[in-house]
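Use the sequences and the hints to build the structure in full.
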Amino acid sequence: MTREPSSPVCYAAEADDLYMGYVGRDEILVLLTDLLRREDVVGRDEAVRAVLTGEIRRLGGTPPEPGDLQAAGAVPAADLLRRLADLLPRLRDDGLHAVLRRLVDR
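With the first letter of the sequence shown counted as 1, position 49 gets the number 49 in our numbering; the numbers rise by one all the way through.
I should point out that these hints are in silico values taken from the structure, not numbers from a laboratory.
Be aware that a few hints might be false.
Beta-carbon label-pair distances, calculated as ranges [unchecked claim]:
no.: 1; residue 1: ASP40; residue 2: GLU14; range: 10 to 20 Å
no.: 2; residue 1: ASP79; residue 2: VAL9; range: 14 to 24 Å
no.: 3; residue 1: ALA85; residue 2: PRO8; range: 18 to 28 Å
no.: 4; residue 1: ALA78; residue 2: VAL9; range: 40 to 50 Å
no.: 5; residue 1: ASP40; residue 2: TYR11; range: 40 to 50 Å
no.: 6; residue 1: ALA15; residue 2: GLU39; range: 35 to 45 Å
Computed from a prediction, not measured in an experiment: that's the story for all the values here.
Glycine included, each C-beta is placed from N, C-alpha and C at the ideal position.
This is how it looks when you write it as structure tokens:
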């Protein structure tokens, strides 16, 4: 006779990020794209731009073209940074978290 374990196996590691309270892929893609379009937020920091572009591609998105900048009034920079700050605690990727934290802390 086989004994049943005293507690069931935990499958939390296999759960979807959204289920576990992390930000989802689509929300990350929208935010990263909005950030890249805002030169007044990202600035001319090529390292940050490269990380954001690479992350958009890794997630299956298409980064905006360099000439595809939003007009300064399209999404207020303060609103974008507030959205970013709200998202950071729910971001699972530590490397991306560090890069985005630098933008918020500027």
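Which numbered hints turn out to be false for this structure? Numbers 1, 2, 3, in rising order.
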